[in-house]
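Chemist: Start from the sequences, fold in the hints, and give me the full structure.
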Amino acid sequence: MTQFTKSAVGVALALATTVASAQERSAVEEIERYRQALADGNPAELWEARGDALWKEKRGPKNVSLEKCDLGLGPGVVRGAYTVLPKYFADTDKVEDLESRLVTCMVSLQGFTPEQAKKDPFGGPGKKVSMDALVAFITSESRGLPMKVDGTHPKEVEAYEIGQQIFFHRSGPYDFACATCHGVNNQRIRLQDLPNLLNPREAKKAYGAWPAYRVSQGEVRSFQWRLNDCFRQQRFPELAFVSPASIALTMYLAKNANGGIFDAPSIKR
Amino acid sequence: MKKLAYLGLPLAAILASCASVPTQEEYRAKAIAMMKASFNEKGQAKLDRIDQDELQKICSIHPGGHDMPKEVGERIEKAQQALIKYPADGKYLGDWKQGERIAQSGVGKQYSDNPKNPAGGNCYACHQLTKQELAYGTIGPSLYHFAKIRGFGADIQRYAWGKVFNSQAFTPCSSMPRFGHSGILTEEQIRHVVALLMSPDSPVNK
Numbered sequence: 001m002t003q004f005t006k007s008a009v010g011v012a013l014a015l016a017t018t019v020a021s022a023q024e025r026s027a028v029e030e031i032e033r034y035r036q037a038l039a040d041g042n043p044a045e046l047w048e049a050r051g052d053a054l055w056k057e058k059r060g061p062k063n064v065s066l067e068k069c070d071l072g073l074g075p076g077v078v079r080g081a082y083t084v085l086p087k088y089f090a091d092t093d094k095v096e097d098l099e100s101r102l103v104t105c106m107v108s109l110q111g112f113t114p115e116q117a118k119k120d121p122f123g124g125p126g127k128k129v130s131m132d133a134l135v136a137f138i139t140s141e142s143r144g145l146p147m148k149v150d151g152t153h154p155k156e157v158e159a160y161e162i163g164q165q166i167f168f169h170r171s172g173p174y175d176f177a178c179a180t181c182h183g184v185n186n187q188r189i190r191l192q193d194l195p196n197l198l199n200p201r202e203a204k205k206a207y208g209a210w211p212a213y214r215v216s217q218g219e220v221r222s223f224q225w226r227l228n229d230c231f232r233q234q235r236f237p238e239l240a241f242v243s244p245a246s247i248a249l250t251m252y253l254a255k256n257a258n259g260g261i262f263d264a265p266s267i268k269r
Numbered sequence: 001m002k003k004l005a006y007l008g009l010p011l012a013a014i015l016a017s018c019a020s021v022p023t024q025e026e027y028r029a030k031a032i033a034m035m036k037a038s039f040n041e042k043g044q045a046k047l048d049r050i051d052q053d054e055l056q057k058i059c060s061i062h063p064g065g066h067d068m069p070k071e072v073g074e075r076i077e078k079a080q081q082a083l084i085k086y087p088a089d090g091k092y093l094g095d096w097k098q099g100e101r102i103a104q105s106g107v108g109k110q111y112s113d114n115p116k117n118p119a120g121g122n123c124y125a126c127h128q129l130t131k132q133e134l135a136y137g138t139i140g141p142s143l144y145h146f147a148k149i150r151g152f153g154a155d156i157q158r159y160a161w162g163k164v165f166n167s168q169a170f171t172p173c174s175s176m177p178r179f180g181h182s183g184i185l186t187e188e189q190i191r192h193v194v195a196l197l198m199s200p201d202s203p204v205n206k
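If you're matching them up, the sequences are chains A and B in order. Be aware that the first sequence starts at 1, since it is given in this note's numbering, and climbs by one per residue. Be aware that the second sequence starts at 1, since it is given in this note's numbering, and climbs by one per residue.
Misleading hints may appear alongside valid ones.
Said to hold, decoys possible - Using 27 Å as the maximum straight-line C-alpha spacing, the simulated DSSO-like pairs for lysine-lysine come out as follows:
(1) B:K30 <-> A:K155
(2) B:K36 <-> A:K118
(3) A:K119 <-> B:K42
No wet-lab data here; the hints were simulated from the structure. These figures come from a predicted structure and were not determined experimentally.
Modeler: Below, the structure written as structure tokens:
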């Protein structure tokens with residue numbers, strides 16, 4: 001906590017410097033400096049700590065913790081689990097990403113109904129949700145490890161192939177697909193750089209940087225949130241939380257990031 | 001060994017022909033069915049936004065027109081050109097100042113937008129237009145000095161109108177939305193945007 005306060009002062013100083021010399025540097029460089037200044041004390045640590053406690057807390061109708069939850073590397077193994085997701089799970093006979101697997105465990109272990117487990121997928125102003133905290137904690141336990149999604153089970157193959165089709169699917173009033181903004185090198189929208197997710201180097205970097213603490217929103221945003229908000233801007237209807245399409249698309253993007261070093265929760269504008 | 005290899009070949013061939021590896025087309029159909037079951041209607045964004053017209057189908061297979069047979073591209077251009085509605089009074093130019101506001105605004109057609117409010121064109125998201133606005137994107141080419149380079153005549157005005165109304169009529173599988181065809185901008189708004197590009201007084205041409 002003290003370290004966090006110290007970094008906050010550092011951030012304020014860095015911001016003051018930023019404003020003073022804003023006209024001398026390009027806006028893109030400024031954003032990069034701002035990001036680096038903030039990274040010293042990423043508020044995502046608060047979500048990670050809360051998620052760590054939630055993981056061990058006895059909750060739900062069955063009053064048990066999530067500590068026996070199998071995230072893909074066996075019951076209770078959190079370290080490195082995010083690097084193998086999404087993955088096929090025999091108990092549900094489905095491919096699941098982290099968020100959908102957490103829903104499964106909240107239902108099977110803790111006795112929540114699926115509706116209860118999925119009720120608050122994303123935090124907002126004045127609303128801190130347990131899903132964000134659990135996601136922050138579990139992903140932080142894969143920081144520094146290479147992504148290694150298997151993807152060879154027939155259902156994983158199918159999810160990947162369907163995810164690829166979704167990535168290229170153009171429709172809606174703006175004729176947009178994911179590929180419109182994320183399929184070409186060196187593009188930016190306004191001043192925001194757009195990663196080309198078809199370029200292996202950029203795909204690894206981009207996937208490895210989510211979840212992220214969004215400074216502009218004061219929230220840790222999960223990968224499910226990232227996809228949800230991309231589709232909003234794509235002028236699509238609302239992507240349902242842990243829906244099959246969201247998991248298939250995640251499978252496509254996660255597997256394409258294989259070999260990349262996972263480095264999240266990160267911090268973004 | 002030889003005998004085995006001999007037997008192996010036809011076996012592999014039989015397996016390949018029997019194996020139920022779905023084609024790209026089958027995966028596409030599965031993806032669309034899955035999307036229909038994975039999105040919820042919200043605000044103005046209904047599930048029919050997942051449906052595709054002919055152009056969207058072709059451009060999903062050939063992103064950015066990549067690997068698209070020449071005749072397919074020409075067919076798209078022709079079909080989309082027929083969909084452009086030019087102004088009945090032949091007046092292409094509105095007020096460039098209003099055009100600038102439309103070019104700045106990214107509002108429109110999202111489920112979080114109020115459909116009663118007019119949409120923007122969000123031109124700056126992808127294009128450089130003026131010297132003053134530095135926060136421009138690079139998905140599309142720079143349009144700075146648009147008319148100064150191409151000329152201020154009626155033919156270029158008409159081209160600019162058509163391009164904003166339906167970009168696919170000029171560049172098949174372009175990333176640019178069809179602002180007129182898809183009902184994003186009104187005829188009056190397109191006039192203002194064309195004025196921003198074409199007016200000699202516009203900062204675009206300064």
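Chemist: Compare the structure with each hint and give your call.
Modeler: Checked hints:
This hinted pair checks out: K30 (chain B) and K155 (chain A) have alpha carbons roughly 13 Å apart, not beyond 27 Å. Taken as a hint, the K36 (chain B) and K118 (chain A) pair is honoured in the structure, with Cα atoms around 19 Å apart against an allowance of 27 Å. As the CA atoms of K119 (chain A) and K42 (chain B) are separated by approximately 17 Å, the hinted pair is consistent with the 27 Å bound.
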